[in-house]
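Once you have looked at the hints, place chain S on chain X.
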Amino acid sequence: MNSSKLLRVTAHEAENPTEVSLREAFFLLQPQLKPPFPLSIPSPSEYSQLNLAIAFGILTEPHLAKTHLTHLHAIVIDGYNFFTTTLLKLCNESYPKLLETPRIQILWLTSNLVQVAAVHVDSLIISLLRQTIGGHFSESNLWLCAELVKILSDNWDWILDEPLVLTSALFVYLRLLADHYRLGGSVKLDSLKRMEIDFCIKALRECFSLCLQIGRDLVRLLQDLVHIPEFRDVWKDLLFDPRKFQVLGFTDISGLYRMRTPAHYFLLRITPDMEAHLRFLLTYVNWGSQKRYQAWFAKKHLCWPGSETVIADIIRFICCSHHPPNEIIQSNIISRWAVVGWLLKSCRRNYFEANAKLALFYDWLFFDEKVDSIMNIEPAMLLMVNSVPKYVDLTHTLLEFLFLLVDNYDVSRKEAIVHGVSAALNLLVRKGVVRSLEPLTSCNLLSLLLRERLITFLPRSDPGVVKASSDTCSQRMVTDGEVAPVLEEKG
Amino acid sequence: MDAYAGSSIMENMVPLKDVAPAATNTVNTQFILLEKGSITQDGKETTCLALVADETASVHFQMWGSECKAFEPGDIIRLTDGIFSYHKNNLVLRGGKKGKAEKVGEFTMLFVETPNMSEIHWARDPDNPKKFLQEAVISPHSRIFPPSQ
Chain X
1 MNSSKLLRVT AHEAENPTEV SLREAFFLLQ PQLKPPFPLS IPSPSEYSQL
51 NLAIAFGILT EPHLAKTHLT HLHAIVIDGY NFFTTTLLKL CNESYPKLLE
101 TPRIQILWLT SNLVQVAAVH VDSLIISLLR QTIGGHFSES NLWLCAELVK
151 ILSDNWDWIL DEPLVLTSAL FVYLRLLADH YRLGGSVKLD SLKRMEIDFC
201 IKALRECFSL CLQIGRDLVR LLQDLVHIPE FRDVWKDLLF DPRKFQVLGF
251 TDISGLYRMR TPAHYFLLRI TPDMEAHLRF LLTYVNWGSQ KRYQAWFAKK
301 HLCWPGSETV IADIIRFICC SHHPPNEIIQ SNIISRWAVV GWLLKSCRRN
351 YFEANAKLAL FYDWLFFDEK VDSIMNIEPA MLLMVNSVPK YVDLTHTLLE
401 FLFLLVDNYD VSRKEAIVHG VSAALNLLVR KGVVRSLEPL TSCNLLSLLL
451 RERLITFLPR SDPGVVKASS DTCSQRMVTD GEVAPVLEEK G
Chain S
1 MDAYAGSSIM ENMVPLKDVA PAATNTVNTQ FILLEKGSIT QDGKETTCLA
51 LVADETASVH FQMWGSECKA FEPGDIIRLT DGIFSYHKNN LVLRGGKKGK
101 AEKVGEFTML FVETPNMSEI HWARDPDNPK KFLQEAVISP HSRIFPPSQ
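Chain order of the listed sequences is X and S. Taking full-length UniProt numbering, the leading residue of the first sequence gets 1, the next gets one more, and so forth. Taking full-length UniProt numbering, the leading residue of the second sequence gets 1, the next gets one more, and so forth.
So here's chain X without its partners, still in its complex pose:
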C-alpha cells in the first residue's frame, strides 16, 4: 500500500522517483536537521542530500518550516540553485498531485526564495503560473491564482528586474481575468479579481515598454477585457492616445500588431501535462491512430464545465509553439491541421468557438514575411483546403470568419489587415504549402461570394497557381529549402 506525504497516490501507482529521493534524503539526515546545525562544510553530494532533506522537511512539516528554512539560508553556497531546481522539477512533474500541505508550503517557499533572489526562482514562478488551469474554478485552482498574484504584487521591485516573469505573469492574468470576470459572487473571488486587475493595470501603466515584448497577442488578450472599466481605459488609450504609455516610438496600436508574439508565451496557458500529451500526439502518432489519444486528452483536459475556454490557448500553442521538423511533416504522423480541426469541433458554445477561430487566424491578420513564420499560418490553410469536400462546412465557416475578421477586426486599419492576409495567402502558395488556391476558388460547394472574395486577396496578375510538373497529390514540394506537404486528401 502506497502512502505518501507529498503526493496523492493510489494503491497501484509506482512511486515517483523525485519523491523517493526527497524522502530518503530526509530520513537519512533527519538527526542533522535540528539545531544546532553542523558547521562542517559538506561535500557536493552531501550538499545535495541536505538540500533534498530540507526540501522534504519544509514541504511536509509546516510547524518546523521556519527552522528548516533558517538551516537552508545558513548552508547555501550556490544561490539556492539546486534547491530551487528541485522544487521546479517536483512542480513540473507532479504539481497536480501534490497534497494540500505541500502545495501551501511550495508557495510559501517560492515567496521566500523570491525575497532572496534565488537562482531559477523565475522559472519556478513561471512553472507555477502554468499550473493555473483556464476555465477551472475549483477552490485549489483559484487559491493558486491568488497566492501567485500576491507574491508578484508584494515583490514589485524584484519583478521590475525580471521582464520575463513580469510579461509572463501579465499574459497569464489577462487571460485568467477573461474567465474569472464572468464568475459572480463570492467575496473571496471578488478579492482575487481585484488583485488580478490591479496587478495587470499596474504592469500596463508603469511598464508598458516591457509589456510590448508580448507582441500582438497582448491585443488579443486585452480585447476580451474591454468590459472591465480599468481595461476599457487602457483600450481607449491604446486606440486613441498611445503616447500616454510614454514609450518612445510607440505611436499607434499597429506597432503592436506588427510584433509577433514569441512562442514561449503560449506555453503559459497549457499545463506541462497538456504540453507533453500534445507534443507526443504530433510527434509519434500516425494518421488513423489518433482517435483514442484524442478521447483520452478530452477526458483529461476538456471535460469540466468551462474547459472549452482552453481550446483557443491550445490552438495558439499548436500554431505558434509546436513547429514539426520536415521529417515529421513528410511522415505519416498526424498533422497539426487535423488536431486543430478536432479541437474546433469540440467547441460547443459560440463564444469559445469564435475565440478558437480567432486564435487560428490571428497571425494571418498582420502577416509580414520578415517577422512572421509560415508555420504559424500553415495549419489554418491546410485545414480549410483538406476539409474539402468531406467537411466543406468547416471550410465555409472558416473562410467566412476570416473575411469577417478582415472587415471588422479593426475597421480603421482594415487596409493593413487586407495586406496581412494577402501576404499570408501568397506566401503559403509561393512556398508550396498548397500548390494553389484553386481547390477553394473553384469549389462549387463554397458560395460564389466567398470564392470571389478569396480571389481578391491574390495578386491580379497571378491566379495563385504554382506551376508544378505533375498533379500527383502525394508529392511533397521542396521550395527554398522548406519542405511542406502539398494538398492531400486525408482522413
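Keep in mind that the hints were calculated from the coordinates and are not lab data. Please note: incorrect hints may appear among the correct ones.
Unchecked claim - Away from chain X, derived, C-beta distances all over 12 Å, residues of chain S:
no.: 1; residue: 22
no.: 2; residue: 23
no.: 3; residue: 38
no.: 4; residue: 39
no.: 5; residue: 42
no.: 6; residue: 67
no.: 7; residue: 74
no.: 8; residue: 89
no.: 9; residue: 108
no.: 10; residue: 115
no.: 11; residue: 126
no.: 12; residue: 135
no.: 13; residue: 138
no.: 14; residue: 143
Unchecked claim - Computed list of lysine-lysine pairs in DSS-like fashion (alpha-carbon distance at most 25 Å, straight line):
no.: 15; chain 1: S; residue 1: 131; chain 2: S; residue 2: 100
no.: 16; chain 1: S; residue 1: 36; chain 2: X; residue 2: 291
no.: 17; chain 1: X; residue 1: 300; chain 2: S; residue 2: 103
no.: 18; chain 1: S; residue 1: 36; chain 2: X; residue 2: 97
no.: 19; chain 1: S; residue 1: 88; chain 2: X; residue 2: 291
Small disclaimer: the values here were computed from a predicted structure and weren't measured. Cβ coordinates follow ideal geometry from the N, Cα and C atoms, glycine included.
What follows is chain S alone, placed relative to chain X:
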C-alpha cells in the same frame, strides 16, 4: 521531459507479441490501457476486463479487486510477475496472486491493436508439453473491444 515512456529497461521485460500461455508467473511487461469493460462481481471478487497494448500487440488484461478502479484508459501500466493463462475459457494476462500491476505514466506510449494475443488459438508444443505454440488466429483484433472507427 520524457516524451516516450515505452522504453524502460527491466530484467526479463517482454513485448506483448512474445507472451505465450504458461502456468507460471513470469511475465514482466509494460502496456497502455486502451479500453475497460464493466466492473462485475465474480463471487466475492470484483473483476474487470480491459484491452491493453504495446507497440507489438494487444491482449486482454484481467483486473481484480482494487485494480478495477485504479486503472483508466490512457494509463501506462507495468506488470511484474504476471501470468498469461486461461481463466474461465478466456485467455488473459493478469497479475495473479504473485504479480503486481502499477501505473507508471499516462498517454505517452504507442500501441497496435493487431495482433491480439488473447484472440489466438494456441496448442501445446508436441516436443515440449509445457510450451504453447500459435496455431491459428481467431481474430486479428479483440472481439470484445473492437477497434474504434
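So, going through the hints one by one against the coordinates:
1. Under the 12 Å C-beta cut-off, the non-interface status given to residue 22/S relative to chain X holds; the minimum distance is some 24 Å.
2. The beta carbon of residue 23/S is kept farther than 12 Å from every beta carbon of chain X, the shortest such distance being approximately 25 Å.
3. In this structure residue 38/S is separated from chain X by more than 12 Å, as the shortest Cβ-Cβ distance comes to about 17 Å.
4. Consistency note on residue 39/S: stated as away from chain X, and its beta-carbon is indeed over 12 Å from all of that chain's, at 15 Å minimum.
5. Distance check on residue 42/S: its Cβ is at least 19 Å (rounded) from any Cβ of chain X, clearing the 12 Å threshold; non-interface status holds.
6. With 12 Å as the threshold on Cβ separation, the claim that residue 67/S sits away from chain X is violated: the shortest Cβ distance comes to roughly 6 Å.
7. Non-interface status of residue 74/S relative to chain X is broken: a Cβ of that chain comes within 12 Å, the nearest being about 4 Å off.
8. Every Cβ of chain X is farther than 12 Å from the Cβ of residue 89/S; the closest lies at roughly 27 Å, confirming the non-interface assignment.
9. For residue 108/S, the requirement that its beta carbon stay farther than 12 Å from each beta carbon of chain X is not met, with the minimum near 5 Å.
10. Every beta carbon of chain X lies more than 12 Å from that of residue 115/S, the smallest distance being close to 16 Å; the non-interface claim holds.
11. Remark: the non-interface label on residue 126/S is consistent with the geometry, its nearest Cβ contact in chain X lying 39 Å away (cut-off 12 Å).
12. The claim that residue 135/S lies off the interface holds: its Cβ sits roughly 29 Å from the closest Cβ of chain X, which is beyond the 12 Å cut-off.
13. In this structure residue 138/S is separated from chain X by more than 12 Å, as the shortest Cβ-Cβ distance comes to about 23 Å.
14. Separation of residue 143/S from chain X is adequate, the least Cβ-Cβ distance of about 18 Å exceeding the 12 Å criterion.
15. Among the hinted pairs, residue 131/S with residue 100/S is consistent with the structure: their alpha-carbon atoms are about 24 Å apart, no more than 25 Å.
16. In summary, the hint linking residue 36/S to residue 291/X is supported, as the alpha carbons are separated by about 16 Å, within the 25 Å threshold.
17. The straight-line distance between the Cα atoms of residue 300/X and residue 103/S is roughly 16 Å, inside the 25 Å bound, and the hint therefore holds.
18. Note on residue 36/S and residue 97/X: the hinted pairing holds, with a Cα-Cα distance of about 24 Å set against a maximum of 25 Å.
19. Between residue 88/S and residue 291/X the alpha-carbon distance is near 32 Å, which puts this suggested pair outside the 25 Å criterion.
Hint check: violations occur at hints 6, 7, 9 and 19; the rest are consistent with the structure.
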